[in-house]
Amino acid sequence: MRLVKKIAVIVGVVVSIASYAQCNTEPMVQKCSGKLGDFTFLKVYKIDKIKTGESVEFSYVFSGNTSYMLSLCDDKGTESGVEVTLYDSNRKLVSTNKLNGKVYPAITYNCKSTGIYYMTYSIADVTCGVSVLGFKK
Amino acid sequence: MKNKYFIIGLFSTLVVLIFSSCSKKQSADDFSQIAKSDSSGQISQATSELAGQVIKSIPPPIEMQSMILSSGATYNADILNPSDEAEKYSTNYHKAINLGIYGADLAYINIYNHKEDALSYLNTVIKLSEDLKVGQFFDFETIKRVADNNKNLDSMLNITTSNFEKMNNYLQEQNRSNISMYMLTGGWVEALYVACKVGLDKKNQPLYDKIAEQKIVLDQVLLLLSCYKNDPNAKILHDDLHELKTVFDKIKIETVYAEPTMVEENGQLVVKDNSKTIIIAPEDVIKEISNSISATRAKIIG
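Respectively, the protein sequence lines represent chains A and B.
Sequential numbering of the first sequence, starting at 1, is according to our numbering.
Sequential numbering of the second sequence, starting at 1001, is according to our numbering.
Think of the hints as simulated: they come from the structure by calculation, not from any bench.
Each hint should be verified, as a subset may be incorrect.
[Stated by the list, open to error] Under the rule of at most 27 Å between Cα atoms (straight-line distance), these lysine-lysine pairs were calculated in the DSSO-like manner:
#1 B:LYS1197 <-> B:LYS1115
#2 B:LYS1202 <-> A:LYS112
#3 A:LYS76 <-> A:LYS112
#4 B:LYS1287 <-> A:LYS112
#5 B:LYS1272 <-> A:LYS98
#6 A:LYS92 <-> B:LYS1276
Produce the entire structure from the sequences given, and follow the hints as far as they go.
Rendered as structure tokens:
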């Protein structure tokens, strides 16, 4: 009986590790790409290696006189599980999708100033998420 | 008796899990052999993660190519790398960097809705992708069907851009980010080359400005290449593009800052950038950039 318990624990650990590592981002990428509308697809940012309270940062060279959309999706389909904060090349805050108590599922940024921008992502009450970047001239 | 079956069941589960992880390991080993074959030095996990971050920061060719269409320039297939040249690329380095070149050419063709050329270049992209063991991201028949079912090639453009993105993500997950680095560099070189050709031909200032903005992207490309400093091919590319940087240094890009404003439009959050960028990009500097990038591209396409 002891052996059974040991094996059960091992299997439980292996299965839980496997399921933790497998955050299926593809359906979220599809959903988030669909939110882009008339914006042209550019990049996918996966937010799948952090927990609630942690953050991950990506960057992208934004071009002046171009509109960008950052759409956000999470594995629970809550539309509010991923937060993004956008900073300009001088690390000045540009915007966040959490504004006045509301969490927006996307940000459109009408960029006038060319430079490298930083996107800091965090998650709340979800396991993982993705953000898809699109552009429009 | 019940316990016996229970133990057998548990063991079976473990065996399946162990075997599935072994098969994954085998596959990863195959890929790492490909990665090693063109690289004399491996990079650390931290450097690999940095490279992955930098790769995410570099715009795909489609952004520059879209400006070419806006300039009013007509379609010119003669400036592209001929699709039937792919056969001569024998090393993984040449295949990967020219996959980037052809990917940028495909984006240019898609923007101009030239279906026949698009399918020809798509074939070349698929051939090189298969050689690099990433052919699973391009299914010719599916993409052709999408092209056939649409009056314009917007959907094909989105599919190919997104497939390249998936390929890059996969390569990084498989510790083959050097292949991704070559593809990205090749794509950027080709997009800049085509933009210079068209810009100078049309004497188009917005296109000159777009070329000038590549000064910022070039810094990212150089940072990416520096992650692979032990790779002789990456070093040559780095040195060539560092020469280009000395030309780009003649370009002035200044930003006048103003606080952004946020509004809600139709339930969407829209952020308006009130800063502006002043770009000083004289034509003679654009010509120098064109000459430098043409020389680098000539070395790449052979």
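Here is how each hint holds up against the structure:
Distance check on the hinted pair: B:LYS1197 and B:LYS1115 sit about 23 Å apart at the alpha-carbon level, within 27 Å; holds. Distance check on the hinted pair: B:LYS1202 and A:LYS112 sit about 24 Å apart at the alpha-carbon level, within 27 Å; holds. Of the supplied pair hints, the one linking A:LYS76 and A:LYS112 is violated, its CA atoms being roughly 35 Å apart against a limit of 27 Å. Restraint check for B:LYS1287 and A:LYS112: the C-alpha separation of about 26 Å stays at or below 27 Å, so the hint holds.
Proximity of B:LYS1272 to A:LYS98 is assessed by CA-CA distance (about 16 Å); at most 27 Å being required, the pair is judged to hold. Distance restraint check for A:LYS92 and B:LYS1276: the Cα-Cα separation of roughly 15 Å lies within the 27 Å cut-off, and the hinted pair is therefore satisfied.
Consistency with the previously given hints fails for number 3 only.
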